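Q: Let's have the full structure, built from the sequences with the hints guiding it.
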Amino acid sequence: KAGVTQTPRYLIKTRGQQVTLSCSPISGHRSVSWYQQTPGQGLQFLFEYFSETQRNKGNFPGRFSGRQFSNSRSEMNVSTLELGDSALYLCASSLRMGQGASNTEAFFGQGTRLTVV
Amino acid sequence: LAKTTQPISMDSYEGQEVNITCSHNNIATNDYITWYQQFPSQGPRFIIQGYKTKVTNEVASLFIPADRKSSTLSLPRVSLSDTAVYYCLVGRPTSGTYKYIFGTGTRLKVLA
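One line per chain: the protein sequences are A and B, in this order.
Residue numbers for the first sequence follow the working numbering, beginning at 197 and rising by one.
Residue numbers for the second sequence follow the working numbering, beginning at 8 and rising by one.
Treat the hints with caution; some may be incorrect.
[Said to hold, decoys possible] Calculated cross-link-like contacts (lysine-lysine; reagent style DSS-like; alpha-carbon spacing at most 27 Å):
(1) A:Lys-253 x B:Lys-10
(2) B:Lys-116 x B:Lys-10
(3) B:Lys-76 x A:Lys-253
(4) A:Lys-253 x A:Lys-209
(5) B:Lys-10 x B:Lys-76
(6) B:Lys-76 x B:Lys-116
These aren't lab readings, by the way, just hints derived from the structure by calculation.
Bear in mind the structure is a predicted one, so any value in this text is a computation, not a measurement.
A: Encoded structure:
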């Protein structure tokens, strides 16, 4: 069974540009969540999608957005990039929604390393 | 929001049992506690999840006291390949939704 696939693996963008990251969940998983990981802030939750609807959102500005398609694939978009957006962006999929609830084990992809210059 | 606190780092030797404690004083009634393992340049990997008392699987045990204000991940007989960062995650329902709070992570180094 294929794992969670994130593309691209590495990305370099210029300040002010926008970027779109892609995540293909494990087949049959309907929940996709996104996280930002930086050395200073650690792992921070961005948002979660289930059945094409955003169900949960972390404390990030509106420049961070996402969507989920009918096949459960998800994209994350960051507009007007800032230097501080440089991070590893991780996507995770699970059968059910809601990390920290019973039987919602999340499977993570390898991430997209975004560098903003 | 429930804040979690873990030791920043720990060293151990191969074959020893390692216990990593996570403090979550403000854990809510409906919260579960989940632990993940992360190797460099990889996404976190699920280890174990529990609500109360003790949970055991093929790789670890999770001990949760009655007040649930802390939890301890126990790794029996660690090997060099267990060198990784370990995260404690507490699921926090807020107004019908969840906000997922990862701990700061504990960097475990296993020595030969």
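Q: What's the verdict on B:Lys-116 and B:Lys-10, does the C-alpha distance respect the 27 Å limit or exceed it?
A: 24 Å, holds
Q: For the pair we were handed, B:Lys-10 and B:Lys-76, check the Cα-Cα distance against 27 Å.
A: 11 Å, holds
Q: Would you mind confirming whether the straight-line C-alpha gap from A:Lys-253 to B:Lys-10 stays at or under 27 Å?
A: It holds: about 17 Å lies between the C-alpha atoms, which stays within 27 Å.
Q: Could you grab the alpha-carbon distance between B:Lys-76 and B:Lys-116 and see if it respects the 27 Å cut-off?
A: 26 Å, holds
Q: Is the hinted pair A:Lys-253 and A:Lys-209 satisfied, with a Cα-Cα distance of at most 27 Å?
A: Judged against 27 Å, a Cα distance of about 25 Å means the pair holds.
Q: Does A:Lys-253 lie within 27 Å of B:Lys-76 when you go C-alpha to C-alpha?
A: 25 Å, holds
In summary, this structure violates none of the numbered hints.
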